[in-house]
Each structure stands twice: as structure tokens, then as C-alpha cells.
Amino acid sequence: MEISVIVFPGSNCDRDIAVSLKKFSKQNPKMIWHKERSLPKSDLIVLPGGFSYGDYLRCGSMAANSPIMSEVIKNAESGAYIIGICNGFQILTETNLLPGTLIRNRELSFICKNLSLKVENSETGFTHKYSNKEIIEIPVAHNEGNYFADKNIIDNIEDKNLIAFRYCDENGLVNDETNPNGSKNNIAGIINEKGNILGMMPHPERATDKTAGLIDGEKFFISILESIQ
Amino acid sequence: MKALVKIMPKKGVLDPQGKAIEKSLNQLGFAQINKVIQGKLIEIEIDSTDEANAKKILEDASKKLLANLVIEDYEITILKGE
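From first to last, the protein sequence lines are chains G and S. All you need for the working numbering is the position in the first sequence, starting with 1, plus 23. All you need for the working numbering is the position in the second sequence, starting with 1, plus 16.
Rather than coming from a laboratory, the hints here were simulated on the basis of the structure. The reader is advised that the hints may include incorrect statements.
Subject to a maximum C-alpha distance of 20 Å in a straight line, what follows is the list of computed EDC-like cross-link-like pairs (lysine to aspartate or glutamate) [stated by the list, open to error]:
#1 G:K174 - S:E88
#2 S:K51 - G:E130
#3 G:K49 - G:D66
#4 S:K35 - G:D199
#5 S:K80 - G:E94
#6 G:K136 - G:D192
#7 G:K207 - S:E75
#8 G:K136 - G:E200
Please model the entire structure based on the sequences and the hints provided.
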């Protein structure tokens, strides 16, 4: 299996994701600078978290137009798995690989804490090791994580079961009080209709090492690595 | 010539920054102020003497990068005599 991690100026979770991928795949992913115009054959491409281009204009808007992105889009269209975490999710919406967009958190504050998520769809290539509706704890760290799309898009995402993760409390309660940032329908992560692209605001790569605290991200990595084998 | 591209949140999109500014202004005693929406204003110099052509280029730029049409509307104004 071949894995590529795209590195933008301002990415800061690229090393973390590489460590997690290596832990479960026993191989180093290729780190690809955003100015590259060609991409090695990749079964999985990761757009990591961070603050690409200093979040200028809109989060992810500049990175979405980086030279490497046309290759990422080509690979996505031909079926490679793509993961965008945090800033990576913002980049995926800016390239239109995923619908909607991520706007400023409802309360205007940067949120950095461990949150409960409900695995809303455990039949995706990214989540099949979780049990259905499993409640997991994963860290978030974002200022613009408020998922927004118009009603038609939200209805479509709901109808087609494209929501991978929703914010909830430790008992799985999904409502406005357990919504940290104002996201429509408590959406924390979505997949595309084809099922090969996932965007999520929480950071599973920060929950794969017991010494650092949380380990609920493990099944995420085991799921996706099994999917590309 | 010079142009301005005004980018504003679409109606119905949550604008927490505008809301925060509104609240601060109210706290400062501006009780008459009751609706603040925050957008962006981008000034652009463009190599073109033809207004229609400049507008066309800026339309394209707005759609491709300057505005996110999921949440924002844009408006292009060519500055005359600049």
C-alpha cells in the first residue's frame, strides 16, 4: 500500500499523522510538498491539520489551489482514498471534493479539548472497525469547525447516510448543548457519495498512543489501512 | 484600472463575527445600532482599459478564489478614473 501525506506551508499535524500511519502500517508514508506537480501512485492521500497559508482569506482556500491539488483531485476521481483532517477537511470543501464549508465557531472561540463523537456510519472504509453508534473520545482543536451547508445539501447528506461522525456527550446524546461549534446537525465528519473521501474536524491521530492519553483513534487507522490493503 | 470586490455573508448564514461586533457596539452605548454584518473588501489593480473585460476577469477570480459561494455573495465595483 502506498500512502502520501501532503504538506502545505503552515501544516502542523503532518508529522503526527505520519507517526500514527506508521504505527499501524509499519511503513513510512511519503511526505509530499504542496508545490509538487506529480504525485506518486497512492492508495491513500492525507491532507493534514494545521493553518495552511496562515488561514488567509478563508481557511483552506489558498491550499485548495496549490499545484499538488489537481493531482489529488485526479486521484480522488479515480478512486483513491482521501482523508482531510481539520484544516484538511476545510481544504476538501474548498476544492469541492466534499460539499458545504466550515465557518467560524458559533461562540467565536478556539476550541481545544477532548470531545465525544458518535460513529454515525460504521460501514465506511474509514470507520468499519467501530461498532455502529459507538461513542468515542477524540480531541478537537479548531477555530473554524462550524459545518455549514444549505438545507438541500444537509438533507442529501442525511438521507444518504454520509455523516461519519457527530458531536455528542459521553452518553451519545446529540443536541444543541452537545454541539461545540454550531455545526449543522452536530456534523463532525462526512464522506462523499462514492465513499472514498472523508473530511473530519476532530484529530484521530492525537488519539492513538496510550502514553498521550486517548486511544479511540486506533480503530480509525486500522479501518482505513485494511480498506487499502 | 482599480476595482473593489465586496464579499458579504449570504442571507441566513450565521455571522458570529458581525454578531460580536454588534454586541460590543451596544455595550459601548450605541443603542441605535441593531444589525452588523461583517464581510471583506478587496482592492485590486488590474491591467485592462476595458471595463467589461476587467469585470469579466474579476467575476472569474471571485468565483475561483475570492468568494466561497456556499456562504458568500460578491459584488464588483470598477473605480472610475483610477
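| said: So if I understand the rule, the pair passes when the alpha-carbon distance is 20 Å or less; does G:K207 with S:E75 pass? | reply: violated (30 Å)
| Within 20 Å, alpha carbon to alpha carbon, are G:K136 and G:D192? | At roughly 13 Å apart (the allowed maximum being 20 Å), G:D192 and G:K136 satisfy the hint.
| message | Run the distance test for S:K51 versus G:E130: straight-line Cα separation, threshold 20 Å. | response | Holds, because 18 Å separates the two Cα atoms, which is no more than 20 Å.
| task | Compare the distance between the alpha carbons of S:K35 and G:D199 with 20 Å, and conclude whether the hinted pair is satisfied. | result | holds (19 Å)
| task | Compare the distance between the alpha carbons of G:K174 and S:E88 with 20 Å, and conclude whether the hinted pair is satisfied. | result | Roughly 16 Å separates the two Cα atoms, so the pair holds.
| Quick one, are G:K49 and G:D66 close enough, alpha carbons at most 20 Å? | holds (15 Å)
| query | Taking 20 Å as the top limit, are the C-alpha atoms of G:K136 and G:E200 close enough? | reply | holds (16 Å)
| said: Checking one constraint from the list: CA of S:K80 to CA of G:E94, max 20 Å. Satisfied? | reply: holds (18 Å)
Violated hint: 7 only; the structure is consistent with all others.
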